[in-house]
Each structure stands twice: as structure tokens, then as C-alpha cells.
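Q: Here is how the chains run, residue by residue.
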Amino acid sequence: MSTANQKITEEIRAQAERLLSSGEVEAFLGYEKGSLPMSVRPFTARKPEDAGRLVWNSFCVLNLANYLPALLKSLEPPRRPGDPPPEGPLPRVAVVATGCWSRNIVVQIRENQVDRDRVTIVGVPSRGMVSAMKVRAAVNGREITAVTEEDHLLLVEGNGFRQEINRWDVVRDNCKTCRHPDPVIHDILIGKKAGQRQVQEPFAQVKDIESKDSARRWQWFAEAFESCIRCYACRNACPLCYCPTCFVDDSRPQWVGKSTDRTDTLLFHLLRAYHCAGRCTDCGSCESACPVGIPMRLLTKKLNMDVLEMYGSEAGMSLDEPLPLTTYDPSDPQGFVLTEREEKGGTR
Amino acid sequence: MKVLKFDRKGMGKWLARLGEKGNVYVPASSKEGKTAIGWRKLESAEMPPVSPGVPARPVKNFLLPQPEVLFRFSTRPGKEDSFIPREPEPGQVDNIIFGVRPCDARSIMLNAMPYENDPYYQARMEHNIIIGLTCGEPCSTCFCSWTGGSPMGTDGCDLSVTELEGAFMARAITRRGEKLLEEAAGIAVEADHDAVEGLEKMSATAVAGAGSGTAPERALRERDLMELYNAPFWQDLAERCINCGACTFLCPTCYCFDIQDETLHGKGRRIRYQDSCMFPLFTLHASGHNPRGQKVQRVRNRFMHKLKYFPDRFGPLSCVGCGRCVRDCPVNIDIREVMGKLLAL
Amino acid sequence: MSYISKTKNPYRPYPARLDQIKVETEDGNLKTFRIVLEDEREREAWNHNAGQFAMLSLAGKGEIPIGIASSPTEKGHLLFTVNRAGVVTTALHNMREGDRIGVRGPLGNGFPVDTDLKGKNIVIIAGGFAFTTLRATLIYMLENRDNYGKITVIYGARTPGMLLYRDELRAWQARDDVEMHVTIDREAPGWDGLVGFVPTIAGEVAPSPENAAALICGPPIMIKFTMPPLEKVGWTDEQVYLSLENRMKCGIGICGHCSVGPVYVCNDGPVFTRSQVRKLPVEY
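Residue numbers (my numbering), protein chains in the order written: chain F, 602 to 949; chain L, 10 to 354; chain D, 35 to 318.
Simulated from the structure, these hints should not be mistaken for lab results.
Please note: incorrect hints may appear among the correct ones.
To be verified - Straight-line alpha carbon distances no greater than 20 angstroms define the calculated EDC-like cross-link-like pairs of lysine to aspartate or glutamate that follow:
id : chain 1 : residue 1 : chain 2 : residue 2
1  : L       : K88       : D       : E131
2  : L       : K276      : F       : D862
3  : D       : K42       : L       : E135
4  : L       : K88       : D       : D53
5  : L       : K350      : F       : E633
6  : F       : K608      : F       : E618
7  : L       : K88       : D       : D133
8  : F       : K648      : L       : D245
As the list claims (entries may be wrong) - To give an idea of the interface, some chain L residues facing chain F are shown, with a C-beta separation under 7 angstroms as derived from the structure:
id : residue
9  : R249
10 : N252
11 : A255
12 : F258
13 : D343
A virtual CB, placed ideally from N, CA and C, is assigned to each residue, including glycine.
Only chain F is shown next, with the shape it has when bound in the complex:
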């Protein structure tokens, strides 16, 4: 058992128990143990005695910020459209947040989905979460019956085999290229801050695809998204996707076809990625939720790269920084604006 995780688990439990029994929060959003190896379950503790169920390990891959707006809403007294807002302070919740999740909470606060005053952010610096798919690949797809996590090793067991895997080798790609493992806002901090990580080439994967010629790029695109089953796990695991009616569900007009025809699938993924531009924190929730292993995160990563290059901005880093795509500045890059001459094939 990883001593680091053990310590964090204990502290999360202690904080949850304290916050719930003092009445400071009505609910504490964390994780509990799952029924399979490498699985945890998002869990909302509502009573102090629930605190003992909370856990922390390297498989907490689903972004908890995803649940925050709905959870806050569920705790408000019911009211009909047109009713005045309730008087007095509303029930509060606590949420465990790593670096990227805290940045998502910042985005949610900026986009008026979450009220900062109603949230106690329990920050946990992230050591990087593990990709279950990478672990499965590391044991050649054999069935895994147990995984024990040490601080730097995973001990994987299955029918007739035991294998030790270096933890970092199977950490998710987004975590490996993450520069901000520490929560950017928090009310409580568990564990020690890691500080900004130096990453040599955070956008190496994107640049690799960009360097291909258009035919190869298209081929990559087609193959990567081929197995999409249109289950929308990526969308639903994403804390940015909170629209009451998503564009894929809209029927008047219907923007996207519903079958797994390539055109429909690609349109869905591209549009979804664009909706996340300037807002995505590369938390990897989408990719981890995907049951068929589609690397849709690379689309948002590409947009993160563009936003960083063009506007010098990374999503959710602070509560005051201007939002890159809703703020206009005359000095904004506008390379996408074509003059008439350029459009006719001339050079810029």
C-alpha cells in the first residue's frame, strides 16, 4: 500500500468528518472504493460516519468538478421559474480537488456555474493518475484480478501471473505533461505542494500529429476515432459540459447525425473540442471515461496549445485573469483573417 495515498486518504477522511459534523458542509465530494481492481467511485458523503468510506489513490481519474454544479443545485430549496432566490446562505459542499480539477472549479466559478462561497475546496497536489488502459496494455491485455499500489510501483496480479510496473510508466499522458499539479485555489490543503513542474515538451503529441502531411493527418484522425460508439461518456465526464441541451441532442435544428458514420462521429468530437477551447484544463477525464480508448484529449490539447500561443493563457489559473475567448483586445492575433488577395491564392 502506498504510504503517500494512505496518508492523504486519512487526512481526507478526517477533514470530511470534521466538515460534515460541524455542519460547515452538507456534502463532501470524494471517492470511495470500487468493485474492480483499478476502480474507484465518485462518492458524496453526507454524514460524518460516511467519511470512513472515502479513499484516495492513483485511479481517481474522473474529474469531481463534474458533479459540482448539479450537487449544489440539488441542495437548494426547490423553486419554480420566476420564484425569488431563497433568502440566507445556501447549503455548502466540500470537494476534493487536484491541480486541474481546481482549475475547472475556477472555470465554473467564472462561468457562473458554481458559487465560490458555497464550496470548500480540499486541495490535493496530484502525483499523476494512472491509466487503467496502459496497465492493461502493460500486461498484454491479460485479465487483472488485483492491483496493489506502492509509492512508485504497481503490483499487478492476474490468473497465473504477477507483474511489477513502474507507476510513472503507466501514468496518463495528460498527467505526464501537466505543469500545474497543485490546486490553484483551495481552502484546505492536504499533503505538500509539488510546485510547478518543468515539462520539456508539453505539446509533443500534438506537434507530432501536426507534423504529418494532410493525408496522414486525416488517416490518424479517421483511425483514432473509428471505434467511437457515440456514448458521450467523454462529454458527460467533462466538467465544462453543463449545457442543459447539448448540440448533439438538439433536434431543431439537428446539427449532427446520430449514427456512428464517420462524418457524424468526427463532427461530434470536433465541435465538442471547440466548445472546450480556452476552458479545458487537460484533466483527462474524457479520455479516462472513454470505454473504447479514443484519444479525444488530443483535440482539446491542440486547442490548449493554440490558446496558450495566441493569448498566453491557460484555463482556470486564476479567478481574475481575463477569459481568453470572451475578451477582445485589439492586439489579439488575427492570422485567421484573410485579405481578398490572400483568399485568391496570394501570399500574406
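Use these hints to put chains L and D onto chain F, whose structure you have.
A: Using the frame of chain F, we list chains L and D on its own:
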């Protein structure tokens, strides 16, 4: 019962020979250990390696393709055939699907119950020949025995293949299966008495999943519907559900669909494609009213349909215990726990 | 797949023509479409029960389940009164007489006019544009008048201009073998009939439950408030027939959209007794 014995090489040869009868598909559970698919077309005369358990995608995609074209029509007004729907043109070759696990094969029969009068499904049944592959090594997420199946089951198969001491024993289950075995002349030999007996013994004793032998469908049929519906645990379950459709699209027995028209340049088609009761749009009225507008209602509906509504109507559970939803749910919702809770109510 | 039989394909709509389009209500949102099947044999073979519905099929737009407003006794054409609400109904409202349309059906069970309702006193209660299949039922009963006892109709709409089938309402009011109570929600100039919500009028009429059945169609809120006054005078759930409406796609009990618990509204319904409905989850 005629049983033929193949060695691995012979199996590959036979499958290749079947390629003359139709499109032969074999399991392709992973590509570079990453992108998960279901089946791929057989490319060489080699028996593919088959890992334990089920492929990522269910066999239903052959029977309920995404999409199924119901009709084609012209949308140019004023012509004699304008807007007259026409059934799709003929020309489909049979699919011969190898390596279908007993759970998946059984799903074809279960889905055929509601689809009894559906000509498209019936036609797909006729044109998809199923070569089952029994399970010697059930996975920890497998629970077919609990749902009324067996790792050695042959329901829904035309042929059933069992790996036994390095050899492959093929049993014909239907007349179609027998015909496929005729293609094995010169490749396979007739199995001896001992091998057949061994096969029978395996069939009698094979089990996958806890709680087998308890006939949960009978117990749940006898329970009051509203009592199960009003069980307190649905709310907890729904709380962590992110309401995606991974479970429904991966489930071999989720069979709901939507119908839609698509048009382009004067031509149109009416298609149907798999839909999910987990999506709010599934039940939304044009008036804006939504009978299952809350997440908890949708989560409950999916499980109640499998474990209560379907058994009440057709007898068996609408679940074959393949474990895909257990394995791939992003928030670890485990139908085995739901079943246990319902049975314990 | 040519082996999909043209005659036995339940998804195949019959080609038909929009024969006549009539605007029913003052807001223009309700139109009655008279539809004639193009094939003479199909036209003659068509046979439905009062209370059944059909899929109106607009190639390129989709299908929409609509209750059949014409009585089985009206031969040669079908009537559908359609509210403009979604994609398909809007497209339908934009169509013109002579245009081609598809009709798939008849679907569902309908009211048991030839079995359970035979010999009974009948109370028809309708609100707004839910009167359509009850129009079919009423005409059927009037055509087979001897099969039923007393027939009472309580029908209400927001304003006089929102009442459906106004000419026919007048004709029925002139008959002595049907008791008509037509009401509007609020006083309106030129209206000398009843004023008040349907539940209130139902309470005032207080129909006797003796050897009787009530057929109720209307918005859920109307049905909810109509039940107490009926119960007060002794009506039981077994005597009350409701027609449910849910989103539907296949219309033949497979696709799952209209399911309410183990029941498919399209195939097992849309008509249920209230006692049947009460055993189901409230998902309609």
C-alpha cells in the same frame, strides 16, 4: 451429435474456406493494446488468438447495425415515386461470425423476443451465422451463470467450438451449422468417444459468476413491481452516474433504437440506430414534458427494464452476464450489486 | 435487403395524399388533415378501432404518432387533427392539399367500443385538442347508437375559438340522444354556453357511475382534477379509461421510447383503465 476435432492450423484453414460462403469475422479485441474493437474480417488462413472474456463491442452490432437503413426515397417533388419509401436493395452476403462467446450468442435469442415481428432483425438473424466459442477461462466480471446462461452455452449459436487440450471441438447446433462443418472435409476428423464425453461433462459443470443456480429472474418476476421501483438505493446509484450511454451501447441486450430521416441532394433514407434510455432526449415530448426527466428515473429504468420489466414480459432477464458494463462504466456502477440489492429487498 | 417483405414490413408507411386541410382553431396551431390512401386496395382494407393512432410519415422529416380523429364508420379517408409542436408537425402544417404523405398503422389498442363499453352508459370527458380520438369514438357510438346507454359529453377549451369540430359540436347539441356539455375556461363575447374548467363542469354534471364508463382525454392536470369530482359520486378506477401519450418511434412495442414500466404505450395502449395506470410508474 456430430463433433469434429480441429487442430489450430486446421481451424484457420477451415475459417478461410468459409470465406467462400460469406464474410468471416473473428474477434479483434485490441489494436496496439489500445483501441478496442469487436470483430474484424478474417485476413489470412490463421486461427486468431482469442483472449479470455468478450470482445469490447457486443455482437448485437451485426444484428442492429449502426445504422440500419429501413427505406430509401426520393425527395424531389412532383415525380411519380417522390417520397415513396423503398426497402434497401438486395446484395447482402452472409456474415459468418467466429468466436462469439455464449453470453453474446444468447443475447441474439433474447433480443429476438421483442424483435419477433421485426423483419429487419429477422433478416439479420438469417444472414448472420454464429460460430460460438465456449469459455474455458471466465473473467472476474463474468456472471453468465447467474443470468441463466453458461460458459459452455450454445443458445443462439449455429455451431459451438470448445478448446479442449489444445484441440478445437466443433459441434453443430443448427442445420446451418452442420452445413458449415461439411466444409471441414479433409481438415478435421470426427471426435472420438472420449472427447465427446469430456465435452458433455464440461457442459454439465461449467459455471461463471457468483450466485449461480438461484434463478434471479424467477425471484424478481414474483416481486411487486412498484416495490422494486421505489427501492431506496436508486438515488445513491444515480448520484454518481454521469448519464452517458457507455453501458447501453456496450450491452449486448440493450436493444432500444431511434428512427431518423436523412436527406441529401434529393435523396433520402430512413435509418434506425441504437439509442439509449440513459439520455434525457429519449423520452422528451414535443411539449417539453419529460416523463423520465430526472437522472434517477433513467438509471432506474435501465436496470428495471433488464431485471424486472423484461422478465415480466418475456421470462428471462435481459442481461447475459457478459460484464462489459461492469468493466467499462466510468464510475463503476456494477449491475451485479444492483441485482443483489433487488433480490435482497 | 430485398427479402424484407413489402407487405409484412410494419415500418412501411402507406403512400397517401393530403386531401383536405382545415384550420381548426383561432390560433392556427391546430389543423385537421383529411388523408386518402393512394392504393385502392389498401384504402379498402384499412380498418381501425376508435382510439387507435397512426404514424404520419413525412419522408425526409420523420414520423409522428397521431390519434385517428375519424370514426371507423367514415370510409374512404382518415382524419388527423394535429397540433403544431415539433419538427414533423411543423413540416406537416406547412404542407399543401395534394401533397404526398405516408400513413403507418393503425397502431395501438383503441377504446373497447365493441366489448367492455357495449351496453354501458358512456361519459366522454375531453379538454383542449385531446378530443380527437374521442370524436372518432363518439361518432362510432352514434352510428351504433343501440349498443350504448346514455351518452354524455363534457368538452372544454380555453376559448370558443379553440374548440375543435365546431360544426359537429353544434349538430350533436341539436340531437336528443347525446347530452352535450361544451365549456370554455373564461367568459368570452358572443359565448352563451357553459363557462368553467372541465373538472368543475364534471362536478356539476356529476354523471352516475351506474353501469357506466368514462373516457377521459386531456392534459395531465385536467385528468388529475377531474378524478375527485367523479370519485365523489362513486366512480371507480376500473370504470375510467385514459389514453396516454408518450414519445414514440416504432409504434410496435420495440424501440423503448414510450415504455412505462413493462408497458409499451404504443402497443399495449394508448388506452388503459385508470386502475391499470395506477399500477405503473408515473412515467408518462
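Q: Tell me the hint numbers this structure goes against, listed in increasing order.
A: none
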